[in-house]
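Trainee: The listed protein sequences derive, respectively, from chains F and V.
Here this note's numbering runs 1465 ahead of the position in the first sequence, where the first position is 1.
Here this note's numbering runs 3 ahead of the position in the second sequence, where the first position is 1.
Hints may contain errors.
Computed cross-link-like contacts, DSSO-like style, restricted to lysine-lysine with a CA-CA straight-line distance of at most 30 Å [said to hold, decoys possible]:
| # | chain 1 | residue 1 | chain 2 | residue 2 |
| --- | --- | --- | --- | --- |
| 1 | V | K15 | V | K91 |
| 2 | F | K1502 | V | K91 |
| 3 | F | K1502 | V | K278 |
| 4 | V | K15 | V | K278 |
| 5 | V | K278 | V | K189 |
| 6 | V | K91 | V | K6 |
Because the hints were derived from the structure by calculation, they are not lab data.
On a predicted model such as this, the values are computed, not experimentally measured, just so you know.
Listed below, chain by chain, are the residues.
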Amino acid sequence: MTEIRLPGTLTPLFAGLPRRVEVEAATVLGAIDELEKQWPGLRDRLVEEGPALRRHIHVYVDRERGGLETPVAPGSRLDVIAAISGG
Amino acid sequence: MSKTLLTVATRKGTFLLESDDRRSWSLRGPYCEGWPVYHAIYDPGSGSIYAAAASEWHGSAIWRSRDLGETWEMSSEGLSYGDEDGRKVSKVSTLAVAGDRLLVGAEAPGIFESRDGGSTWSLLSTLSGQHGSESWDDPENQPPGHLGISGFVTDPGDSDRFFAVVQGIGAFETDDGGSSWTPRNKGLRRDWPADYEDVGFCVHKLVRSSEPQRMYQQNHVGMHRSDDAGRSWTEITEGLPGDFGFAAAVHPHDRETFYVIPVDGGHGRTMHDGKAAVWRTRDGGSSWQDLRTGLPQQNAHLGVLRQGMTIDAQDTPGVYFGTSTGQVFASADEGDTWSEIASYLPAISSVDVAVVD
């Protein structure tokens, strides 16, 4: 299982969505699609047309900056970060 | 007992102002998780509030409340140009109800519709085929405010007939529900060179009076009036302190009465001389009167955006506007006198009004 850690801006948008979720997936996009199955609409909050990560959403796999196609493995930690922006 | 409800869209969420008498107001919010909200409306048909919002992190969505703000849900299902051609929905700017469907205008320019009360969306039109539309997505052609659909004007008698405003390009009308479009910019002033006669105009705000042939618009360069449902336009700026502004509202019972908020057309885009004023015509734009009673008259550098002023439909209509510095002002006597009913909101994008039970 891959552990996904989600930003605090995302969890209020979906009932029951915790900050940490475990899924089985082969890539970052696959992991997000697994979340989409449980919380419909969630993919749209992280991924835009392309598909591509939204501009201010960053992902790190085992603390290395990644993208939608970055592989994840059992035991991986996937951090989804809402970049510091706004004011 | 019925009450007056103002839906106020701000840079940090949606707020609601309610009043039983249009003099004493209570405030609720923020809603929509503090997302930047560009337009919030109340739909009398469904009793729902809709809010078009675009989070810097989480993209665009339409929020909906079916219980006057107590609970909210949001959806962007179908609110996409797809993965193929590189277009992106970077923002949703404006909302309107046309019969049984809900319209939303987006950047890059396109119109999406929902026929299930905002649960799902589909692309209705990108107005492709209009002169120059092939270059609307070119970054070189983007005006500072970006190019998108910035407003609608619907027809109460015909849900297939409505106007859409393309920012920096002009107004277009459809009479077949969005399949085909006709430019409606004849007679508008423009002070810049343009490649085409029928497009290349900067329409800030378009409104229709109680008599459908009579329309008004605040343009980048001048106030204009139409007596033939937008087919031609005549400038009516004379008597106003300037030709630039965004917000405008028309009297619900008198086609000759119309309100506008002139602002400095330079970089500041705030009310002239730091003195707040709404300007009213009662003769279709032949003459104008400034309305200042109750509005701040010194050091009041207030801006009001295109959806920032509205008017209710009561016998003696109330007029309302919200500023880019977070104040809401209200008049219960057609603009003769004003009071500040909210003071410290985030920057306001839109104010809409409805009477609810």
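Trainee: Hint by hint, which ones does this structure get wrong, listed from lowest number up?
Mentor: 3, 5 and 6
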